[in-house]
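If you want the building blocks of each chain, they are given just below.
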Amino acid sequence: MTKILLFAGLQEKTGEEAIELDFSKGSVKDLREQLLQEYQLEDFKTAMVAINEEFAANDRLIEQGDIVAFIPPVSGG
Amino acid sequence: MTKILLFAGLQEKTGEEAIELDFSKGSVKDLREQLLQEYQLEDFKTAMVAINEEFAANDRLIEQGDIVAFIPPVSGG
Amino acid sequence: MSKRFWITETPISIPEVVDIVSRREAGAINTFIGTVREFTKGKRTLYLEYQAYVPMAEKKLAQIGEEIKEKWPDAETAISHRIGHLDIKDIAVVIAVSTPHRADSYDASRYAIERIKEIVPIWKKEHWEDGEEWIGDQKETKAYPKGYPEESDQL
Amino acid sequence: MSKRFWITETPISIPEVVDIVSRREAGAINTFIGTVREFTKGKRTLYLEYQAYVPMAEKKLAQIGEEIKEKWPDAETAISHRIGHLDIKDIAVVIAVSTPHRADSYDASRYAIERIKEIVPIWKKEHWEDGEEWIGDQKETKAYPKGYPEESDQL
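Protein chains in written order, with numbering that gives the first Met the number 0: chain A, 0 to 76; chain B, 0 to 76; chain C, 0 to 154; chain D, 0 to 154.
For reference, chain A alone in the conformation it holds in the complex (with noise of 0.2 Å):
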């Protein structure tokens, strides 16, 4: 199982401040299409993903154990 992390707009959307997934293997862009599918949000095609507090690339493969985030246009400051 993976952890994904639902922060602002996303959290509120699906609901969800974390999704526990059954997700094999794959990479982030992998991760993308697969909660596209099930959630039908956009969000998941256009925020940015985080891999263990770090920005990660649609070609990453994620590890067991990864702790993934979705992170939406962010609005600090």
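It is worth saying that the hints were derived from the structure and are not from the lab. This one's a predicted model, so the numbers in the text were calculated from it and none came from an experiment. Please note that the accuracy of each hint is not assured.
[As the list claims (entries may be wrong)] With a straight-line cut-off of 25 Å between C-alpha atoms, the simulated DSS-like cross-links for lysine-lysine are:
id, chain 1, residue 1, chain 2, residue 2
1, C, K124, A, K12
2, C, K68, C, K2
3, D, K70, C, K2
For chain A, the structure is supplied; the task is to place chains B, C and D on it using the hints.
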């Protein structure tokens, strides 16, 4: 009598915080020359002059009761 | 407080942030204080709600400090960002940068706030009289070909 | 303290200066804090002594506030400058400028410190290990054809 305020290096070189001067009538330029002659201090030529707390040009006439100040190069901040 | 870059749920003390960067080598400390403004483009904000991915946000604030160190080696930086419910006039962020000479303190401080708005996972939700919305500053202005912001992406 | 521009012989409180310009319309407050640096061009400062022509200095600080109002109509400015004996790390000046948007707060704050170094009758005396001297920042860098600094003379 005209009251002339001195600051910083000029105050130290003359040993005076203020000078009472018998300066009947004339411009800032005239005052500079009179002080230069009396004190032999180049500063009286180079420092800025303020009259009643506003910078004054060399051709400005000094009136009775004006408070004159010599403003050496500033270094606040 | 030994941290130089932190997220907090309580009001930020400006002197506390300034003290972290104050030192004998510094002649200048620039601080940027971001506060909650009542009106934006004619629309009245009642209050804001900030959320952060706290551990990553603190890491990214620290990364900004390192980026500043690379660009301005003599600079020391501290940043605190508040989350939770903020009313009008409340302080959301305090950045303090100390440098030997003043020009660098301005430039580095400016760099810090621009980077915060770009790479730090903090979000604000505007609460207006007639609705509410999570704001995404980058939405209309930026595109990331690699899917995430690179260092050269700063504004 | 109802003054927005003042000279003081006691330590300056940063929040006090910031509070003066804090307001519902502001989203950004830039502050510049000038502190006493130990080393300048390899020379070690032991302490500084600041002197001011107080009433004129306060007028000139207020004039800088007016100049900022002309250039950045939405800006509010407060400035406090300390005089007397200052040790290393002590705060000599605090400038706070609030604006609706951040870019102006940086620009106006920078303008204020440059103007202070040009038109405000405040002087510092450096006390080194091997001597002392009244410093005049403009001495080598500026010439005033009219005998005084005009507004267009800002750096």
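How the hints compare with the structure:
1. Straight-line distance between C-alpha atoms of K124 (chain C) and K12 (chain A) comes to about 14 Å, which keeps the hinted pair within the 25 Å bound.
2. Restraint check for K68 (chain C) and K2 (chain C): the C-alpha separation of about 17 Å stays at or below 25 Å, so the hint holds.
3. With a C-alpha separation of about 38 Å, the suggested pairing of K70 (chain D) with K2 (chain C) is violated against the 25 Å cut-off.
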